[in-house]
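As they're listed, the protein sequences go chains V and D.
Residues in the first sequence are numbered from 1 upward in steps of one, following this note's numbering.
Residues in the second sequence are numbered from 1 upward in steps of one, following this note's numbering.
Treat the hints with caution; some may be incorrect.
In silico contact screen, one side only, chain V against chain D (beta carbon under 8 Å); selected entries [what the hints assert, rightly or not]:
{"id": "1", "residue": "Arg-16"}
{"id": "2", "residue": "Leu-90"}
{"id": "3", "residue": "Val-94"}
{"id": "4", "residue": "Gly-97"}
{"id": "5", "residue": "Val-117"}
Treat the hints as calculated values from the structure; they're not laboratory data.
These figures come from a predicted structure and were not determined experimentally.
Think of the CB as a built atom: it goes at the ideal place given N, C-alpha and C, for glycine as much as any other residue.
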Amino acid sequence: MPVFTIARLELLIARRNMWVATAVIMMALFTVVLTLAGAAPTGTLGVDPLIVATTSVTTLSVYLIPLIGLLLSFDAIAGEAERGTLALNLVYPVSRGEILLGKFLAHLAVLGFAVAVGLGLMVGLTIWQSGATDMSLAPVLKLFVTSLALGAAFLGVGYLISALARQTGVASGIVIIVWLVCVVLYDLGLLGALVADGGGDFTKTVFPWLLVANPADAFRLINMPTEAVSLLASGVGPAGGVSGFAGQITSILLWPVIALFLAWQAFLRVEP
Amino acid sequence: MTVLKINAVGKTYGTLETVRDVNLSVNAGERVALLGHNGAGKTTLMRMILGLTPISAGMIRVLGNAPGSKASRSVIGYLPESVAFHAALTGREQLRHFARLKSVKPRAADDLLDRVGLSDAADRKIRTYSKGMRQRIGLAQALLGRPKLALLDEPTSGLDPISRHQFYDVVDELAQGGTAVLLSSHALTELEARTDRIAIMSKGRLVADSNLSDLRHAARLPISVNVTTHSKDADLVAAKLGGQRVNGRSVVLTCQQDDKVAMLGRIAGFGDLIKDIDVIPASLEVLYRHYSAAEQEGE
Ligand SMILES: Nc1ncnc2c1ncn2[C@@H]1O[C@H](COP(=O)(O)OP(=O)(O)O)[C@@H](O)[C@H]1O
Ligand SMILES: [Mg+2]
Numbered sequence: 001m002p003v004f005t006i007a008r009l010e011l012l013i014a015r016r017n018m019w020v021a022t023a024v025i026m027m028a029l030f031t032v033v034l035t036l037a038g039a040a041p042t043g044t045l046g047v048d049p050l051i052v053a054t055t056s057v058t059t060l061s062v063y064l065i066p067l068i069g070l071l072l073s074f075d076a077i078a079g080e081a082e083r084g085t086l087a088l089n090l091v092y093p094v095s096r097g098e099i100l101l102g103k104f105l106a107h108l109a110v111l112g113f114a115v116a117v118g119l120g121l122m123v124g125l126t127i128w129q130s131g132a133t134d135m136s137l138a139p140v141l142k143l144f145v146t147s148l149a150l151g152a153a154f155l156g157v158g159y160l161i162s163a164l165a166r167q168t169g170v171a172s173g174i175v176i177i178v179w180l181v182c183v184v185l186y187d188l189g190l191l192g193a194l195v196a197d198g199g200g201d202f203t204k205t206v207f208p209w210l211l212v213a214n215p216a217d218a219f220r221l222i223n224m225p226t227e228a229v230s231l232l233a234s235g236v237g238p239a240g241g242v243s244g245f246a247g248q249i250t251s252i253l254l255w256p257v258i259a260l261f262l263a264w265q266a267f268l269r270v271e272p
Numbered sequence: 001m002t003v004l005k006i007n008a009v010g011k012t013y014g015t016l017e018t019v020r021d022v023n024l025s026v027n028a029g030e031r032v033a034l035l036g037h038n039g040a041g042k043t044t045l046m047r048m049i050l051g052l053t054p055i056s057a058g059m060i061r062v063l064g065n066a067p068g069s070k071a072s073r074s075v076i077g078y079l080p081e082s083v084a085f086h087a088a089l090t091g092r093e094q095l096r097h098f099a100r101l102k103s104v105k106p107r108a109a110d111d112l113l114d115r116v117g118l119s120d121a122a123d124r125k126i127r128t129y130s131k132g133m134r135q136r137i138g139l140a141q142a143l144l145g146r147p148k149l150a151l152l153d154e155p156t157s158g159l160d161p162i163s164r165h166q167f168y169d170v171v172d173e174l175a176q177g178g179t180a181v182l183l184s185s186h187a188l189t190e191l192e193a194r195t196d197r198i199a200i201m202s203k204g205r206l207v208a209d210s211n212l213s214d215l216r217h218a219a220r221l222p223i224s225v226n227v228t229t230h231s232k233d234a235d236l237v238a239a240k241l242g243g244q245r246v247n248g249r250s251v252v253l254t255c256q257q258d259d260k261v262a263m264l265g266r267i268a269g270f271g272d273l274i275k276d277i278d279v280i281p282a283s284l285e286v287l288y289r290h291y292s293a294a295e296q297e298g299e
């Protein structure tokens, strides 16, 4: 199977280039810090400590997972085109779709491993801190699966940028801008519009859909209890509830498919 | 059996016509050299055969298959002009990866590393390789799975003379196994004994396609004969044969192929005056210049 042959090589390269180590260390470090910090003030409130932990880790993951996804993917096509390895790869009996899918599986595995280590540490620390043993692991599982979906979406976006830019330097610049827009500026823009609208039609009808259309926001809405969202996401949350869980889950599952499809189409047009 | 068939093929980038009306075929077991200046269109032609770039006019078939189709890609071995690999991988890892893509046993990759003389460096990272070593990995991957057609783009550039020799040994072996070999080169002299046919490209056109002696005949290029005499006799020999004295003891004569034997007879007539005779056929360089120039005059 050429897809797995490609994936296997990409995993080897990711290990050699320390991408696996970097992703794991980033996730582990931030998760541990946030778990420990998050537990301090809420520990006495009687809330399920694991809910508290997933909430604080979610706020972090919204930034970190898209970033790791983009960093893993921006070089995938532009880098090979630039270094001259692409032409030789395309001469082998393997389709561009298979090459893309192989890289995607490898990068998703790297991301999944990093998230799993992070969440594992989170659960372990929480149990150790609270001594509780009867916590529900459902929110953790939900966080893991949606983290993968969020990562997959941004991997796809990264490949798309990589195929369109064709130069790693350009691609790396664009992914940073895209990251800023998706996880920071988009929300700020919506918030601004919300304030300007003052609770009018926009707030009730357009806004919830605009919010959920961003996979990072959909991810945040799925993984945070509403009261936590209103607390942590500057009031953007409650109004988002209108689109419902179905809308959120559709958004976060559809994005990887759309992004990968567009990346594939762009890749088909790359002449090595 | 015709492995590669190129029929009236042309390529244009915008308004720039880089390959025009090229007809060429390569049979199984045949070694064909593609000669041409930088920018003549050799690489472009190979990229069209591989399906890496679309054809603007004409048709190419590899064992009856369209360029770029899986069927044609699985029978082609390709060595790009400036071959590159993932620097973080070892030679063995890279080659085994390619073997898997070609559905060849990884064991075959190890054998090929031996064959190109890289077994000692096989487990070192490619970033530590010299240009010549990278070229060897490139050759090894082109040989994977005994391709029906080998496309080698300037394969010996960057190789030292001994490596070049070894390289052509590998090419000979490949051709003997029935592979059709199309290789482009700048180093003309090395091709003389090592290829069956020579195709010359100039400004995107194919200006010659024949074996070396036919090309020589058709071009009617003079053969030079270098006669070494004892120094006191050089003037005499030069005057009688109508040649030119080049240094104290040598006389250079030129003649057409058809007159060669007669000329040698006359030289032999001098008997003891002659110490040595060298017959130097028109070199590929001269030949190449002749065909390129003829093409330019024709325009
Ligand atoms: N992608 C491209 N766009 C425009 N022109 C190109 C492109 N690739 C090659 N050419 C032109 O085609 C001509 C033939 O190039 P090439 O096939 O590389 O020659 P060779 O391999 O014989 O040195 C050159 O004039 C080159 O500039
Ligand atoms: Mg070239």
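Hints, one by one, checked against the model:
no., hint, in the structure
1, Arg-16, "holds, 4 Å"
2, Leu-90, "holds, 6 Å"
3, Val-94, "holds, 6 Å"
4, Gly-97, "violated, 12 Å"
5, Val-117, "violated, 23 Å"
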